[in-house]
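Here is what each chain is made of, one letter per residue.
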Amino acid sequence: MLGSIFSFEVRRLTRSVSTYIYFGILLLVTYFVALLVGGAFDTNAVFFGEKVFANSPIVIDAFFSAINNYIGLIIIVAIIGNAVLKDFKNNTYTMIFTTPVSKFDYLFGRFSASLFIALLILTGPAFGLMLGYAMPNVNPDKVEAFMLAPYIHTYFQTIVPNAIIDGVIFFAVSLIARDIFVIWLSLIIFFVATGVSNSIFSSLDKQSVAALVDPMGNFAKRTITKYWSTYDKNHLNLRMQGLFLWNRVLWLGLSCIIWFIGYSYFSFTSSPRKLFFRKPKLADSSKLTFIPTFFRRESLPKVNQAFTAGTHLKNLWGLCVNECLTLWRNTYFRIILLFGMLFLFLVSLQIGKIYDTTTFPVTYEMVESFGGTFSLFIVILTIMFAGELVWRARDYRMSNILDAMPVPNWVLYISKLSGIMFMQVILLCVIMVCGIIVQLFKGYTHFEIWLYVEYLFGFKLLDLWLLAILAVFVQTLVSNKYLGYFIVALFYFWNTFFAQLVLKHNLFVFSSDPGVMYSAMNGFGHAVFPYFIYKIYWGGFALMLAVLSSLLWARGSEGELKLRFAHARDRDNRPSWVVLILSAVIFIGCGSFIYYNTNVENKFYTQYQQEEQQASYEKKYKKYEHTPQPKITDVQLRVDIFPQERSLHTSGTYMLKNKTTHAVDSIHVLIPNAVTIHTITFEQPAQLVYNDSAIIYRIYKLATPLMPGDSVGISFNLDMNNHGFQHDFSGLSTPLYNGTFVNNEQFLPYIGYYRGLELTDNNRRKKHGLGYRPTANPITDTAAYMDNAFVQDADFISFDATVSTVPDQTAIAPGYLQREWTENGRHYFHYKMDKPILNFYSFLSARYTTKKEKWNNIDLEIYYQKGHEYNLGRMFNGMKKALQYYSTNFSPYQHQQVRILEFPRYSTFAQSFPNTIPFSEGIGFIADVDDSSKEDIDYPFYVTAHEVAHQWFAHQVIGADVEGSNMLSETLAQYGAIMVMEKEYGDDKIKKFLHIAMDKYLLARSNESEKEKPLAYVDAGQAYILYEKGGIMMHALSKYLGEDSLNIAIKRFIDKYAFKGAPYPTTLDFLACLRQVTPDSLQYVLTDAFQKIVLYDNKIDDVHLTKQGSGYIADITVSSKKLQADGAGKEDSVASNDYVEVGIYKTSSKMMRLVQFKLKGGKTVLQIPLNEKPYKVVIDPRELLIDKKLDDNEMKFGSDDKVTKK
Amino acid sequence: MLRINNLSKTYPNGVQALQDISLDISNGMFGLLGPNGAGKSTLMRTIATLQDADIGSIMFGDIDVFRQKQELRKVLGYLPQEFGVYPKVSAEEMLHYIARMKGISNNAERKELVKALLEQVNLYNHRNKYLGGYSGGMKQRFGIAQALIGDPKLIIVDEPTAGLDPAERLRFNNLLSEIGENIIVILSTHIVDDVSELCRDMAIIAGGKVVQRGNPEDLVKSLEHKVWSKRVEKSEVSKYQEDYKMVLAKLSGGTMVVYINSDTDPGNGFKSEKATLEDIYFSNII
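Protein chains in written order, with the working numbering: chain Z, 1 to 1206; chain H, 10001 to 10286.
None of these hints come from the bench; they were simulated from the model. Ideal Cβ placement from N, Cα and C applies to all residues, glycine included.
Just so you have them, the derived chain H footprint on chain Z, three or more residues with Cβ under 8 Å: (1) 305 to 312; (2) 400 to 409.
What the simulated footprint calls covered on chain H by chain Z, stretch by stretch (three residues with Cβ under 8 Å from a Cβ of chain Z suffice, anywhere in the stretch; the number is not a length): (3) 10042 to 10055; (4) 10069 to 10080; (5) 10086 to 10098; (6) 10105 to 10119; (7) 10173 to 10181.
Sequences are here, hints too, so could you generate the full structure?
See the structure below:
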């Protein structure tokens, strides 16, 4: 019986067209993905690291499973969810339930057959990927030889188990609820629930839970692959092991249980068991039958019927209210609402976390985090309810009545649409209400209701409405609701993730805009106008869709589109066509206006074109790289900032000194792209002999060559004007209404060829016909010692700037304020620096509130946005503690002032300029640090300490323009900050901080795009080495060598090189200072830390406690393995005999003893006598060594009875 | 006056649903009788603007139904053969909704009208109940109530009694019986009794064609003394089918009774039967 049910069902499904369509869709989508990953398009879509092959096992696994986890899941639900349900839909159940087939045979037959077919369909992505990678237009560098194994592994490890799990869940739901809507609803809940659980368990210490809880196994797989290096990713197959295996076992086991729950719930009856209370059918009272009632039309009250536009509108209102009421009454909608609120409250626990520390629930954080996470929810509901409402009359067979009503299509159309729009408004209200509740709950009462309204109903809602119109349009055209869902979902998927990559310009990306970001300082700033222009543009498009939807509204039984088109041309519909044409005019008009702004007034480059420009720059001018050029020695500027116009005018003079041994006859001037030149003049006659106006590279020939040691002044008069709006929101790159932050690289002339403009990515270089380029000058390139790593056209300069802005703003530049005055309605500030500084300075202008303190005669000032007072104390404390530590241990502070200046959160960093630290409002000003919490890290303090350290490491001593030099600024600044933090917050916090750093380092190194370099040769772009590995290593050195010895080495290094100018030091010079203070036995530590990539795999194998007298003896079996990695991440174990610490803990967090051992590779048994009974033992408890697997580094001692007594 | 001229319709699958149908229908209740699949519903739906014909025209007064759908809808009341209801909407709300669609924008008037309608169809007590809980008869009464909103001049009632139990059917026909004054009511049905009970004018439609047209009583009269019956064995039925113009063979107490048409006494044991509309029906659809 089972067999025949199975084969019948399989035959039925193989004859069904949809089976092939599903397969085709999966194949096509992944085919496209494969092309994208394989670099067939001119976009640089990097997944899992630049050097990871597009068809490496991990990438295949990721896309094969992701496509099936989303699109595939929908298909599973459609097939398996309907396996039994269709009998109820088609009423065939009456026939089946009355045959002698057993319940098990029937259910299992149906289930297994549909699962079987689903599993065949789910192979689609594999073929799509294979096909895509085999196409000739993929980048051959990105694709390695075909291997079947990864596909097989993924199919059997992920796809099949997931399909079974999903299939069982939704099969069971279908058996219990017998309602297709409930099934789809449970699908949403499934998506959201897995999303929520993943985000809740996302923190580092809950990874094992996350791995088990995620039914799709993604997190479990992540625990295996997380720290895989590029080499591993290209060579290793994902094996079912550890948590991944447990995850599979757990969920398959659960599926069996769920299947049997569904099975036992189901009965061979016509109606499902009651999920909700159901009322019985009403019946007429029997006496009615025998009293004839006749209908007397004449007794009906006379009413006025009118069919004018006015009454249509009036009735439309009523109909809209009706649609909204219907929706509001929908039980499912209410369930979703409740569920959504629950979801939001869970999300609120994670608000704005940086270093596991939340921010205050300021309104924009609430809206962004809620709006962001909840928006997928709203999108799915929009798509679903668009189908529901459009098809409702037909689904309930009410259309026979309603279609013959004397209402024009547009009234019907708008009433339905308004229902969906209403739902969206309700959902946005939910965000707002939940946001306010969460704020209240956290004791935050600055609600900014208006900001909620602006953000949700001003910006967000428009996008949702556009989507609603699109979804209704699709549902109007298609002949089947589910086809409609599928098309809209697929389109949404495409539009969100791929359209921009493939179509480049956002004019072609539905519902696009240049981007909006709220800043407490700058509000929505200059994003508002372009945003609305784009929305009007898409509004015009949507209006066309709306008119077409209304014209083609399915009415009556003539469903064929051809006939509907024929009717759309009826005379009655003329006004609609007029509206259609008008909306086309809006669409084209706004489109042209946008094009004018983005492509004519401003320059729009696709990524490829941008690279092409860089390539052309290099091809044309690389030959001048070593042409002797004078260096800037003196800068005098006048900068006028116009916040409202978002433009900037500057005039100034550089003094250029020939520091070479050659006469210089021509001077090369490079001007940033955004700048227009009024004049450039030289102190002595000079002739413009070359002018590239596209790249703005100019060569001036001096009448008399500049002799070595001589100087010449160059004066310039430049504008940085803002024209219209750009393709993408420009953030900090231009002046802002409030919160301007620009630096000299953005708008001032550069002398000579600037290497930093070159195209760096070697894959892309190849595409543009450029040769291999090392990421930095080699450390042995002594010629490059003459330039510093920051800016090559100057050493140390003198600086003087007059900055002006609007009267209510304060303008700030490095230096000390000499004079402040108002003139001609402008607010002027004259700054002058008393000491030489690097040629690297910034200008800021905003409506600041100021707070000042003093430390040892040094002025400490914070310029901040009113309302952001939360962490000023922490920042002042950070400045004081940092100045104290650095000036005691390294060298005196060179300025009399430290200023922290808040700037808008368009970028989230802080940066140190001479006596000036611009600090983003997004990283610290609104942090909610709970000092009582073990988890929280006072990152406003940390960032401050780090930036203050840069006044030493960068602004006192700066490395040469060779590899590794950034370590001298970033890693040393990080070291300073860690030491200051350790003094302030103690070992536990530092341990937590380093633990996060370890994870970041290991994670980022596995995504390395070029090659991982040892710390001493690190590239400027390798932040994960500079900050994370550097921090860990320097902290370790402070323990191995002792803090004092290490600081002495740093002090000597500063003494030797600070403010000296060329030649600049390299990391080798720094290392030399370190080696001086290091005993021979520890020299290997320096080599490992700076010149090699060394990792360890240490673990505790076994512990045994023996009581001896009043104390104990702990026998601890540890194994140690030292690995050395190459740049590609290939790790080989090497012999070792290294110092490793072992810590014995009294409780889970309190260490009682720390012992250092010299461990060889392999197993070692250690004996440690103890006075007290220990709780656990940890190898390398202070995390001095890089260890990929930290969770096996500790072991608890057994309970009392396991203690051997002697 | 509803004037249907030369209406033909062929479905994409090749079924000729309507073949050159012409009918003039004037005020009063008009019965359209025909077996399942005869094209009744196609015709009804076509008149009700829900479907187009390939050829032909329908004029209602001076409204050209195909060209001025919206105009016809303004004067139309339509109770479709098959319709569902929104389960979670009450009768009162649904009638309000439909009344709005029928252009009654004044709230007070609409309220009064809906109340009156609900009372007339005896649903007033259940007005707040969800339609999902209504029995078949109640649903049909709701259906007729909605069709009568807005003082329609043309009412189309498509197979309203199919699937109703005898009591419900009786009640429904009572309701229908008097609404046909001064306006056109087209009642399509395959139940002969509905027509004989309610209509003064009728047509029989079969295979997409009008096969009979007239007053039910006249039609019955035309068959007077022409219907003959005889009780025969089951095995003999086919023989009789060959020999006579057989209209109907039905079971009666275990044996068959065959009915034939004959202008003269066929003899052979046949006895004369009183003609009924049913005979007209069956003699026309075969």
